[in-house]
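Trainee: Which chain is which? The protein sequence lines are A and B, in order. Mapped onto our numbering, the consecutive letters of the first sequence carry residue numbers 1 to 187. Mapped onto our numbering, the consecutive letters of the second sequence carry residue numbers 1 to 283.
Among the clues, some could well be false.
Chain A stretches covered by chain B per the calculated footprint, using a threshold of three residues with CB under 8 Å from any CB of chain B [said to hold, decoys possible]: (1) 27-39; (2) 47-60.
Some chain A residues near chain B, calculated using beta-carbon distances under 10 Å [as the list claims (entries may be wrong)]: (3) Asn20; (4) Ile22; (5) Leu23; (6) Pro24; (7) Gln63; (8) Ile66; (9) Leu153.
Simulated from the structure, these hints should not be mistaken for laboratory data. By construction, the Cβ of each residue, glycine as well, lies at the ideal position given by its N, Cα and C atoms.
So the chains spell out like this:
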Amino acid sequence: MTAQTLLMAAEEHGAETEGNIILPAPYDLLWSIVIFTIIAVVFARVILPKLQKVLDERAELIQGGIEKAEKAQAEAAAALEEYTAQLTEARAEAARIREDARVEAAQILAEARRRAGTDAERIVETAQRQIDAERHQAVVSLRTEVGTLATDLASRIVGESLADDARQQRVIDAFLTDLESTVKAEG
Amino acid sequence: MGNLLAAVVSAEAADSGESKSYIQQMFSSDGFHAPSIAEFFPPAIFGDGTIFEFNRIMLIRVIAAIALLTIFWIAASRAKVVPNRFQGGIEFMLDFVKGQIVEPVMGAEGKKFLPFLTTLFLSIVFFNITGVIPFLNIAGTSLIGLPLVMALWVYVMYLYQGVKKHGLGGYLKNSLFPPGVPKPIYILLTPIEALQVFILRPATLALRLAANMIAGHLLLVLCFAATQYFFFEAAGAMKAMSAVTFAAGFAFVLFEIFVALLQAYVFTMLSAVYLNMALEEEH
């Protein structure tokens, strides 16, 4: 692109269009710059700040909404976790209680068994002792009575008084001992 | 870019030999320059006279396309669930197309066409808005070529979708012979419908956009040229007129920003409507 062609172009289009190939007519450029500057200043000072405020608010609103949703989701997740934990714990507790109850029941049963056994033993022992005492009493009373009866009987048969106590007692004892040994040997 | 800047400098150097430099011209006036149709045919940067002729309007289109791609590339690669300011602004634009154009017009079916219509909307916004950006100062859509390409894109799209859905016969019957009309009326209605579907829809899409941008640019240039003349050349009470023309220029810049968005909205909205008509069972 040489200056000559430019000049030729300028001449072709005459004085009306000054012939600058890149720029608009000088007056067009000058006054549009003036007006555009005014508009740009008004926009920068007044209109854009207001719009930006709205846009910022909207961004905050969206950001806030997202954060709120995230928070709610986190809370829900936490609640679910807690609930699950509680459920697990409750289940464990129930199992533990059941186990305890079973152990306790077994203990109670064993205790009852033991007590019943002891009671039975005691009853048996008491009864045994009573029997022994009664037998002893019977033996004592028998010994006395049997002696008397036998002495009386023998006195009558023999016709001799066995009133002499010392001798009488010796005889009775001898007899009874004899009798006892006979019984033992037989029984 | 380096070459282009060098070209500017050399152009200025060449100019200064004969007349005032670009900067000098900027702060002086040599009579009132009425805007003309030549505004839309600036001298070529290269390829003068060929199909590859590349002038500053083509350059503006390239710059707008690069800006669009860069901004959305950055937005897409940094996209997060929680948007920052930048992403929030980008999302606002995308939501606008979805919520204000595609869903109200096409309903759930429009989801398929959302990428297409969003691309269309954003491209038009970016190509239009260059009309008020200093140094660019002309909309990329103010030459009919670009609006025409976009309109043809929509045209091919809705014809293809209509034929794909209903078959060629079904689509023609649907669009040329609307049901619920007495038979003789078709003599009148069918040519009108044919004209609508095959010519008027794409033509009006392209022309509406280009005409709006051309008119907008001429209005701005008129105001700026008048301000230049009154401010630097006129004397006394006439100089005060520059305040009036400047205020008008200011108002028209704001209006052009609005029109840039509105025309993108209208173009995209109508594209959605045409697509919807092509896909409708009966209408």
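Trainee: If you test the structure against every hint from before, which numbers come out violated?
Mentor: 9
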